[in-house]
Structures are given as structure tokens and as C-alpha cells.
Amino acid sequence: GRPGSGWAAREARRDRSAGGGAPPDPPGDMLCTASENLPWANIARLLLFQKTPEIYSVELSGTEDVGKTDTGDGKEKYRGLKDKRLELKKNHQKEELKKEVDLEDHKLSIKELERKYGTNIVTGLSSTQAAELLARNGPNALTPPKETPEIVKFPQADGAILCWIAYGIQYFNDKSSSLDSVYLGCVLALVVILTGIFAYYQEAKSTNIMASFSKMIPQQALVIRDSEKKTVPAEQLVVGDIVEIKGGDKIPADIRLLSTQGCKVDNSSLTGNLTPSLRTHDNPLEAENPWNKMSTSPVGTATGMVINTGDRTIIGQIASLASGVGHEKTPIAIEIEHFVHIVAGVAVSIGILFFIIAVSMKYYVLDSIIFLIGIIVANVPEGLLATVTVTLSLTAKRMAKKNCLVKNLEAVETLGSTSIICSDKTGTLTQNRMTVAHLWFDNQIFVADTSEDHSNQVFDQSSGTWASLSKIITLCNRAEFRPGQESVPIMKKVVVGDASETALLKFSEVILGDVMEIRKRNRKVAEIPFNSTNKFQLSIHETDDPSDKRFLMVMKGAPERVLEKCSTIMVNGQEQPLDDSTAEAFHTAYMELGGLGERVLGFCHLYLPADKFPETYSFDVDTVNFPTSNLCFVGLLSMIDPPRSTVPDAVTKCRSAGIKVIMVTGDHPITAKAIAKSVGIISANSETVEDIAKRLNIPVEQVSKRDAKAAVVTGMELKDMSPEQLDELLTDYSEIVFARTSPQQKLIIVEGCQRQDAVVAVTGDGVNDSPALKKADIGIAMGIAGSDAAKNAADMVLLDDNFASIVTGVEEGRLIFDNLKKTIAYTLTKNIAELCPFLIYIIAGLPLPIGTITILFIDLGTDIIPSIALAYEKAESDIMNRKPRHKKKDRLVNAPLAIYSYLHIGLMQALGAFVVYFTVYAQEGFRPSALINLRVEWEKDSVNDLEDSYGQEWTQYQRKYLEWTGYTAFFVGIMIQQIADLIIRKTRRNSIFQQGLFRNKVIWVGIASQIIIALILSYGLGSVSALNFTMLRPQYWFVAVPHAILIWVYDEVRKLFIRLYPGSWWDKNMYY
Amino acid sequence: MRRQLRSRRAPAFPYGYRYRLDDQDEVNQNYLADEEEEAEEEARVMVVHDLEEEEEEEEKEEEEEEEEEGQGQPTSNALWQKLQIVNEHLWDPEKRMSLARTGQSWRVMIRPFAHSLNFNFNVSEPDTWQHYVISLNGFLQGYNDSLQEEMNVDCPPGQYFIQDGNEDEDKKACQFKRSFLKNCSGLEDPTFGYSTGQPCILLKMNRIVGFRPELGDPVKVSCKVQRGDENDIRSINYYPESASFDLRYYPYYGKLTHVNYTSPLVAMHFTDVVKNQAVPVQCQLKGKGIINDVINDRFVGRVIFTLNIET
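The listed protein sequences correspond, in order, to chains A and B. Residue 594 in full-length UniProt numbering is what sits at position 594 of the first sequence, and the numbering runs on without skipping anything. Residue 205 in full-length UniProt numbering is what sits at position 205 of the second sequence, and the numbering runs on without skipping anything.
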């Protein structure tokens, strides 16, 4: 998590929108595919960052060792990462990593550094040196992750080639052979090319926007070269450059600090810890680990030497680790592949079967090849890929409106099949800001309102102790509101100050009113700021009571330190001596609040006697010429990053949807557990092994693991686990919290989940999360707080950083899966109606009932909009109340779907279309009986007086024309029945009337489009001979209508039996 | 099925005769097929009938609601009436249209039947023209004078032979005797002039149910060189001499009722064609409103063939 930066950006963003400036694009307005929108959020963030440089966020007290462990741990972690990589990736890469992770530079003296990098800290590099290095090492920029679009290819390309080969042979045999197969080949090739271009276009569009925007706002760095300060684009930094950093800058590269002035850095994007590490050192030579590129920086200024650039920075290495993690195929891609296998299997096996039949029936081999092509074309749903793409992008668009920005279209469905969510804590589950949660004074714990707007503070404010406490909170605080935000609600105001002080400032502003005014009335005369040795902060103020000439000294800090300095305690406004029992009460409260995972601060004050400290007294904070002991302890106040109010509900929804929510955080286990409990990741009545041990007062080892439902596992424990143990852990406990985890461990957890055949979603925002985001089946990055690396690695971006958005995403994902089933069932059905003509043509020798080009007009013409329309269908039942689908068992295309579509509706449709065909031929003079085995005569060019059933004689051209009329009739027959098919596909279980015939208006658009396209083809393009359509007599359009009705009735009966006899044979075999 | 139907509807004709006619058709159309293929053809015909019956069964079961005429089930009067309704569809007297084809669009075809419309033969090599003679002979079997006299009536020339009455009533057919073709009848010259390099080509109009040549004007045939020297043909004798299709042979009522209908013919006797070179000949129908210049369908109102007679 990165509390500081994201928060600041969000505040800034709100600020800007409210200020009347051009607001950032609301997600709803975003265009088309989700992926192209990503840069907007990204850029907006970057842009705002530069405009709000003074925002920072640094830990003030407590958890002091985090920063230090980070130094050592950091290396440990990356070594771990590297080891992981050893397994994952190729040799040379890992070697490179190993070499470069060893950052020893901070141990070197400046002289050694200068020697090592051939630079001078005063004059910097010369321009020529810099240019050389730049040329050698490349620009200081991360190599963007390469993304290759995965196009599902149908065997159309082969079809096209086959067609041309067939034409070639035909042409070789007979120079005047018809151009039909050439047309067909061209159309098929065109389909392949267009689909490819479509996918490429989508991909390129998003990449281009990304690229163009990152160029538009180049990061600048102030660098010393040739003894001069120069501003250069950060990309041109080279190793050995001396750079100056000032407050608000992003660190442009890995640098080694040379000198600082009150400089702090928030490295949390790298470490993933909630609490940003404090890196201030008065002595520059004591500077800790080099600062890392991308860390958001500091208040104050600093000078440093660049020691690593571009992909060789720590961040670069993590990023490349992330891109090295193989992206799993998305479940929907697997499903579509499975589906393609089925279709291709059916097509090829029927094709080859009939090729053999045709050859053994003494057809020419060439003819047989043409049959083969016809069968394959009839079987391959050419339009389906485009349909699926459009369907997915429609859903992506819909999700973007709900703040889920989908980068990778296929990820739309993945969320729906998700069975485990590994959620980061900070920013996703929590509000990503410290908030006052509890107060302790007068020996009592009070609860403060932690909701997003703080509106409802109900604790007792009448006590005198509260009056004193509130004064300390207000005065002993360096944070300030940025000016010019009068109209902004308090909770949304931008604050200059760190997280804790911000929390206190807002808390007091809400309760007491204008804090600035109070501070003005109590003028500050002296101040000792917080530092890590003192662990307290102190300031001395004049009082606002004109009659009281005393100074008021206020102090806050780590509770135990503060208590040490106190000799009295205030109870109900009265000072009382601090005895053992009150100290005991203090400790109980401190432990209790600490046990809630909250950060506790102690507050005390002292009125300096007016005689010793007259108004003119000059306080010196360096010599401390005033007392800092025997103060009066006033109270405790605890803060937490509170859960978002929407999260508990969302977690419950996930639960009921059968999704396991696992918390994975870099934070302290106690905090993690507390938050997990408050959001319901650990439900109220479940206990961990430790809880049970504590309750029963027995050692942890004696507790039966079966009794515990929940588990809190730290990174240290995880490190010692074998994969089998992890598997066991993941299966045994339904509620798991992982705390203090490293990026590598996140990866291990994700892999563990995936071993359970689970579809894993990972949420995260830091750079450290990016490998796990990439490894996950679906990586979800935070749009506001998320780092670019995380967003790059993710498949989806939550624009509002809100966990609840994931739930809507799951819902949409499940809906789209259901609807894709319907779409595919709809699309597959007509394949049989397209296939049967060829089979009957071959076996019974009828004149060809439908041509391949006509088939393409169904697949790519009339059927496209209706199949997309099915994506708009509403859910049949509460899809959030069922288990997530099993990756390997609940297939998109299962046997019942294929059988029902192919053999039930498909055959009925084929029959209906044949009726139309026979009707047309019969009315023209050829009765069905006369058509049998007519093929040879029919197709002979030399026969120009072929006799029909009425004794009439037909020339070859007349027959050809009649054949085209037959195509058109067959086409119309299929089209009419596809309307019925479309209507029945609206539901899989419910009756159409339960679903509502008119609720989905798009279906009717689809039906209209079908009819209109058919009318245009028949009457508009009937004269274009290459298309093989003719003007059909109006009455033929209605021949298939009874069949369409029959199909609809049949399906209603099917659904009725499914509803009547759930679990029966019928249900199992007829429900798809 | 078809046979049953016919025997019911045409009891006057001896079974054997009709059978022969049927076979004749097959022979005509597949004249060039060698004997092996012919045998296959026979086999195929048998298969056809089997399949046909199956097909009809299916139709009966599955497509009751469909307003298609079905097969004219002899057992079902209702279906039979449907057939009549559909028959009305076939011929629309007001628009003078049948089966979506206008009265002007007569297709023509020639005999002898060959796979191409190039008549190449060498006078002195009977093998090169023998199959033409066999084809013509076979084709004209149905026109034998005796047969025509036995089966058909001699109706008055120069006017339509209109037979009112029920749709399903059997219609009488007018005689077209082989002897009308004179020198091309094969009666005097059994080689139809091929042996002397004066080939006969028979021209017939494709049968269309209900059609009548426009406005009582008989349609005439006229042939000329399509491209090249007009004089390459020099002279053509037409039989019957009027070179026209007499009105009495129209309208055609369809083979279900008009069982013994024999298409009228015009024989073209190319008596003095230039030898040893390909002569493209175009024979056109001429008459009021007759269309004979459609590009897509090269058989509308005309037929183009080449004569290449070697000596």
C-alpha cells in the first residue's frame, strides 16, 4: 500500500474538480474498450502529482523499526524474488539480476563513490561523459511491457487457401470454370484479415495513447553537469549524475544520498508496507539505502548521486520480474479454445467423413475437396470471434461505468469465474488514510466515528478532560489545510502534513470548528518537532485566555514515552496524581487499542508557571530551557486506516457468491487481523488457533487445527512452509490473513491458490504487487493509489480503489459467461442447418440447397447483431448466490449445449429450411422426388432442356438461377428460424415469459436487423450474380414461420421439464 | 409413385408403351453415355424410386402444416386440392406468366444431343457422325407416324388447341408426325444427311406449362451465320416448310395430364455448308415479342452452335 501518494492525488483530484477546472474524465464518459482508458487515469494522476508537490505522508511515531527492517529486508526480498526467478526464467536474465541487486554503494564513502562512478559531487559529470554513458546504458526509462495480442484463429485461413487451391485445380482442368471458389476464398481471407486488423487496432490504440501521453509530460530532473545546474528530462539521467531533489519530486532513479535537509521519503510503493519508512538522517554520511526511483519524495531537499538507471533500478527489476512472470491464459481464452477444438473437431471429422463418402461414391476428388470446404465453412462460426470481442468490450464498457476499467478484454469474464480474491489491505479494503478511531480519557474508551465523512461523533464531549485533550490535539500539530479550500468539505480538504497529523487535524476541525483560528489565538512560541529518538512532539503556546499569563506546553508521542514524562493524570477535568492503579488503567487501554491494530498516541500538557516563565521568556528548543517532565497526562487517542464502509457488505456478497477472500498485506499481523475482522474477512464467530489457545488457556500446539476456521499467517511463517503445507493451509481454513508478506510471497500465495484449481484475483497497488498481479488469473490494480507498474501488470483497474467495485465486476463477469453461453448456443444452432444441405447434396444428390457465400452472409451478416444482443440479456436468477464455476468442470460449451444446439434445434432448423427449399423448387416445377439424384444432370452445362416434374424443360442458366433462388429461400428459412432461436436463447431455464419478452430491447433491434439485412440481400442485391441472391417471392418468407413457432414451443417444453424436475435425467442432459 | 399416378390418370395407354417412352427419354438425354454408364443409369433410376418413396413418407409425416403441395397423394383428396391450388400458381392467366417466366422467354434446344454444341464430323468416317444419327433416331422414336396416329389426335392447324375442363383431367395431344420432317425425318435418308455432309439439326422449344406463343402468331425459326461470312451456310431447308411451330401444339398442360404431348420440331437441313471450316450458326426464334438476345442465358430464343464438316 502507499497511503501518502495516492491519497494526495485523490485529494488533489477532488480539489481540482471542485475548483471548477477541467475535471478528469469520469469513467462513464470513457470510450469503447476499457484498455484505452487506462492512460487517462494514469496521466491524470501524474499530472496532478506535479501540481501538488508539497503533499507528503510520513509515519510520525510507533512502528519505528519498519523502516530499518526495510533496508535489510528489502535486499532479502529481492534476493527471494531473484531466486523465484531462477526457477522461472532463463539463465542470463537471472545472472543479471543477481549482479545488480547487490547495492553496496551506501556503504562507500563519497570519495570511493566518486572514484567508482568517475564523477565529482561538486561539478558533476561533463556533458560528454553523460552523453557517452547515455549511449552505453540507454535512457533512464523502464522498458514498457510487451504485449502481444492473442487472436483466436479459426481455421478460416486454411479454408481460404483450400478454396484457391481448388480453383487452381479447377482452372487447370477447365479454363472457364466458375469463379465461385475464388470469391469464397477472398471472402474467407478478408474475414481473417479484418479480424486480425480489428484485434490489432484495439491493441495499438491503447498502446499509442499510453505512449503519446507519457511523452507529453516528461519528468524533469535537476542535475549538476559541467558544474552547472541543469534541468534535463529524467530519461537522460546517467549513472554518476548528481541530482538535486526537492519536496514533492519523484525520485528519478536509484540515487545515493549525499546530503539532505529534513528529507523524508515514502518508499512504500516499493515495500508494500502501510507505514512508509522514515529515512531522515541528519548526517548525510549515515544515509541509509539508496533512494529508489519512483519513490515519492520528500519534504525538504536533498542531493544524491545516480547509481542505477532505467531497468537496472530496483523498480526496473521488479517490473521486469513482473513481465517475466508468464501470464496465465485467461479462463475465457481457455474456454474459447476448448470451443474451437469442439467446432474444429466436428468440422474436420464430418468433412473428412464426407470426403471419404464422396470419393467412394465416385465423385471427383476435386469435387470432394469442394465439399470439404463447404462443410468446414458451414461448420465454422465465422462471426463468433467478432461477436465475442464485441460482447466482451460491451461488458467492459459497462464495467468502466461502475469504476472497473478492464485493460485486457478477456479479463472481463475472469472476474466472474474468480473463486479466490487475494486482496491487498491498504486502499482497497481500507480508506487509505489514518482516522481517529478511539479515544481514552477519564478512564474510559470512547469510539469515534470512522466513516468516510466523520459526521457522527457521539462520544461524551462535556468532560473537562476532553476540553484539555482537544486543545492538545489542536495545538500540538504541524499539519495545515492548504489555503483556498473554504468551500471544500472538511474531509476532502487537502492537508499539508503527514498521515497521523492529518487525521488529528481533520478530527479536531470536525469537532471544534476552525482549527486555524484556535491556533491563531494560542500563538505558538516554541516547538520541538517529532524525531525518531525522542518519539514525541512538543510545542509551547500562549493561552487564549487573556487573564491567564501562563504558557501552555503540549506534548504528544508514543504513549509509553509520554507517560514516562508525566506525574499526574487528568480525570474529569481534575489533575490527580498518577498512581499505580491509573497507570494500570492506562496500560490496559493502551494494550486494548493496540490489540485492535490501531496506532496509539499519548497526549499530555503542562501549564508553565507564570512566575518562572514570564511572557517575555525566550524558549530555546536546543538547550531545552523548560521542564519536560512531571507533566499532566490527559489521554490516549488511537488511529487506524479504517475499512471502507462498503467493504463489509462486499465481502459478505463475495462469501455468498462462493468466493474466498484472502487478505495479503505487508502490514503488521495485529492490524491486519483487526481490519480483517472488521470487514468480515474473518467473520465474527470464527477464531484462529491462537484465539482458541488464548480462550482455553492452553498452548497453541495443543489446539486442534480443525476447530479454527480462520488463520493469520505471517511472512516469516510462510517462509518456512513447504508448498504442501501451504496447500493444506489454503484448503483447511476458509478465512486466511497473510501479514508481513514480501512480493515473492504474494507470488507463492497466488501460485498456491492456483494449485487448488482456483481462479485467483489479486488486488494491489504497489510496485511490489506487480509480479503477483501478473501471476494472478486476474490482476486488479488500484486506479488512484496504484503505481504505474501495478497498473501495467494488472488486467483491470479499479478507478475508485473500492473493493465493492470488484463485486459488481464479479457479477458482470458471471453474467457475461452465461450470456456467452447463450450467444454460442445461438450461433452453433444454425451450423447444422448450414451443414445438412451439403451432406444431403452429397448423399441424395439434390441441387445444392445453400451456397458457401450465402452461409457467410448468415454467419457474418444476419446473425451478428442478434448474437451481440444476447449480451444485453439480464440474469435469469441471482447469479451472486451460486458458487463460482469450476474451471475444469463448468465449461462454456458443454455436451448438453452442443447436443441440444446441434441435434435438437439445429436439426429442426435444418428441416424447416429444407421445407422452404422444397417449396420453392416444387412451385417452380421440381418436386422433391424429382430432385433426388438430379445433381449430375442439374450441374451439367450441356443439358439445356432438363425436364422437371411437369415436363417443362430448363436450360442450365435457368437452373442456376433457380438454384440461387433456392439458396435465398434456404437462407430466409434459416433466418426466420434464427429469430425463434434468438428468442428461445434469452433464457436457459426460465420461461420466456418469466424473463420478459420485451425487457431486452436490443434483442428486437437484432431481430429487426436480421430481417432488414435479409430483405436488402434478397431485393437489393438480388441482381448481383456474385452474391448468389435472387428476389424471392414474398410468400416464401413465411413458409418457415410454423417451424419457428415449433422451435419455440419445443424449447419452452424443455425449460418447463427442467423447472419441474430439477436434478432429473432431463435436467442433467437438457440444461446447458 | 409416379407410375401409379399415371396409370390411374392415363388408363388408355398400354403400360408397355409408356415405359418405353420413359426409357426413351433416358436414352435421349444420355445418348453419348457408353453402355456401361447406361447400365449404371438404370441402377440409379431404381434407387431413385426407392428414395422417392422414403422422401414422400417423410413429407407426409412431417410437413402437414406446410402449404406446399406435397406429392399429390392419390389417397388424400385434400392434398390433391392443394395441388390444384398450386397449379393455379403455376399459371397466372392475367399476367400471362408461369413460374415467374414471361411468355416471351422461350428457351430452345437442338437435337442431336451432344455434350457440346460443336458438330464436328468427317463425312467419310461414319464413326465421327454415327452417334448423331443414333441420337436423332432415338429422339424421333416417339414421333413415329404410327405411334402418333395411335395416341394423339389430329387437331386443326393454325389455332391453339385449348382444352378446358378440370385441371386434373387428362388432355389430348396433337399429332406431330415424324414424316412432317421430310428429308430430316430419317425415313428416306436414315443418316439424316450426315453421310453426305448435309446434316439435319432439329430445333425444339423448351416446354413451358401453359405458355402460348404471343398473340396467335406462330413462332418462326431462322438461322444464319453468327460471325463471319454470311454465305458460309448458303442454303437451309426448313421442315415443316413454314419453319414455324404451329399454334395447335400450344398450350402445354404439363406432363401429369398432357401425357403424350410431343414437342413440335423444326428441322434445319444444312444442305450446302462450307466444308472443312468451323461455321458458327445462330438459330433464332422470330415472332412478335419474342426475346432472343439475352446475354446471361444463351438459350433464350436462340441457340448457337458450330458446324465443322470435314470431307
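A portion of the hints provided could be inaccurate.
Unchecked claim - No more than 16 Å apart at the CA atoms, straight line, and that leaves these computed lysine to aspartate or glutamate pairs for EDC-like: (1) B:204 with A:947; (2) A:493 with A:452; (3) B:255 with A:947.
Think of the hints as simulated: they come from the structure by calculation, not from any bench.
Check each numbered hint against the structure and report the violated ones by number, ascending.
Structure breaks no hint.
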